[in-house]
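Visitor: In order, the protein sequence lines correspond to chains H and Z. In this text, residue positions in the first sequence follow this note's numbering: the first is 1, and each later residue adds one. In this text, residue positions in the second sequence follow this note's numbering: the first is 1, and each later residue adds one.
No lab work stands behind these hints, which were simulated from the structure alone. Careful, some of the hints might be misleading.
Which copy is meant is left open, because identical chains are indistinguishable; a pair holds if it fits in one copy or across any two.
Said to hold, decoys possible - 25 Å max Cα-Cα, derived SDA-like pairs, lysine to any residue:
id	residue 1	residue 2
1	Lys130	Ile82
2	Lys49	Asp133
3	Lys49	Ile131
4	Lys125	Leu149
5	Lys70	Lys130
6	Lys125	Ile194
7	Lys70	Tyr206
8	Lys190	Ser142
9	Lys130	Thr48
10	Lys49	Glu144
11	Lys130	Gly71
12	Lys243	Pro230
13	Lys130	Leu85
14	Lys235	Gly161
15	Lys130	Asn221
16	Lys49	Ala90
17	Lys130	Asn86
18	Lys218	His97
19	Lys130	Gly192
20	Lys243	His97
21	Lys130	Arg89
22	Lys125	Asp193
23	Lys10	Leu85
24	Lys190	Phe135
25	Lys10	Ser103
26	Lys70	Gly192
27	Lys70	Lys190
28	Lys70	Ser142
Number of protein chains: 2
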Amino acid sequence: MRSIHKAAMKKRRRNICLFVSYDGTAYHGFQRQNNCLAVQNVLEEALTKVCGDNIELAAAGRTDAGVHAKGQVVNFFTDGKIPFLNLPRAVNRFLPHDIVATSACEVERDFSALHSAKSKLYIYKVYENKIPDPFLRRFVWSYEYDLSLAPMQRALSYLVGKHDFSSFKSAGSVEGINPVRTLYDASCTKEGDIYTFRFFGDGFLYHMVRNIVGTVVKAGNGRLNPDLMPEILAKRDRNFAGKMAPPQGLTLWRVYY
Amino acid sequence: MRSIHKAAMKKRRRNICLFVSYDGTAYHGFQRQNNCLAVQNVLEEALTKVCGDNIELAAAGRTDAGVHAKGQVVNFFTDGKIPFLNLPRAVNRFLPHDIVATSACEVERDFSALHSAKSKLYIYKVYENKIPDPFLRRFVWSYEYDLSLAPMQRALSYLVGKHDFSSFKSAGSVEGINPVRTLYDASCTKEGDIYTFRFFGDGFLYHMVRNIVGTVVKAGNGRLNPDLMPEILAKRDRNFAGKMAPPQGLTLWRVYY
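So here's chain H without its partners, still in its complex pose (with noise of 0.2 Å):
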C-alpha cells in the first residue's frame, strides 16, 4: 500500500478538490485496497500521472463495494502545474470508462473533502418487478415481490430527525463512534415500477442507508408494520432492523459544504 509522508504532503501548493462520479459496479468499493481494484487506486494512479507527483486523496464518502456516485467529492496536494479547469478532461484520458472526473477547482489549505462535508444525499432504487430490467439491474434493487408506497413512506416519516441510529449501523463500524445523526430528509416517490428514496443528513453510520432501506421494503411488503419503526429506533440493536439492501441501488448523490 501507499503511503506518503503526511507532512511532505501538507507541504505541497495546491489543494485540489475533484467531483467524481463512477458507476461502482466492477470495484470493491471507493477506499484503497491492497489485493483488489478500489476506485480510489484507480483514480490515484491517474492523477498522479496528469499532477506529476505521488498523489494520495482523501474522499467525503467511502462507498461500499458495488455501491456507485454521481458527485463523489475528493481533495489532494500537488505540486503539479495544470490549470484546475483543465484537469478533469485530462485525468479522464487515464481513467476507464466507469469513472468519470467530471469538475475541479483549487481550495484552500483547510479544507477536506471528508471533514468539511456538512451533509450529504444518497438516493436507493428498487425495482419492483417480477422479470428484471437488464438495462436497469446494474444501478436498482430488483425486487420481485409487491411493494406498496404508503407504508415505506410512513416507516421513513419516523426516521426524519435527531436520533441514534445504533439499530441501523452494521457491525464493522469504527467503535465508539457516536450513533446520532440527524436526516433533513427520509422520503420515497414511486415512478413507474421505480421506487426512490433519498436520504438527506448530516452523516450516515456504516450502511445505514441500505439497512433502512431493507428494513423499510418489509414494510412495503406487509411483513412489517410501518408504526414499529420507533420501536426498532429505540432497540439501539441492529437485531431489530430488517436485512441489509443490495449495494447496486445506492448512489452517493451529492455532498454539501
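Assemble the complex: chain H is given as a structure, and chain Z must be docked to it using the hints.
Guide: Same frame as chain H, now just chain Z:
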C-alpha cells in the same frame, strides 16, 4: 458449433416464441459463434436446460457486438412440456443478469421470428457532453462536440420512404441482397443532453442504422450539408456517407409481425 438436423427439429411438437431483452456490452453480437461469446450461445444453453432437448433458435435481428435489444424475438421447436407462461422465469434462472427472457407464447408451426417479421424499430442514443456519464456510457454514443437538432432532423427527413440504401450498407453484407428498404420513420428528438433517433422500417441492411447515424451526426456537427442526403442516397456507394456510429448507442427496440 452445434447443428441439429433441421428435419429432426421440425418434427418436434411445439413452436415457442420468446421475447428477450439484453445489454449487449459483454457479447460478440447475437449470432452464435465458435470462439467467442454470443447471446445466442447463452440463450440456447439455458433453453436446453429448461426444455430438456437440444435447442436451436432463430432470431428476428442479428444484433452486432455491443448492440442491445429491448424487444428481440426468437423462436424454437421443442418437445419440452413446460407451460409457456412459466418459461421466462424458468430460463432466467439459467441466464446471466444481462440477458433476460421477458415473455413467451406458443405459436403456429410456420411462424419464424426471422422470416415472419414485418417491420422493426431501432433506437439510437447520442449523449452530447464534453464529460461522459459513467451511468449512460454502456447505452449511448458519448459525443463531445456540439450538435444541432434541426440539421439532423432535416437530413433524416430525406430518408423516409422507399429507397436504395446501398450508400449506408457496410461491406460484409450478404452479396446480391436487395438494397431497397422502406423507412416509415427516421426522426430525432432531444431531451436534456440526449438525442434519441428512431428508425422504423420494413428491414435494415448490414450496419444501416449505424451508418445513417454517423452521417446524420456529421450534419448535426456542421460538417455536412443536410440537403446533400438525396445525393448521398443516389450515389449508392458507401464511400459517400459518413463514418459508422459506435455500437453501444443502438438498441433493437421492437419487432412487429
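Visitor: Under the constraints set out in the numbered hints, which ones does this structure not fulfil?
Guide: none
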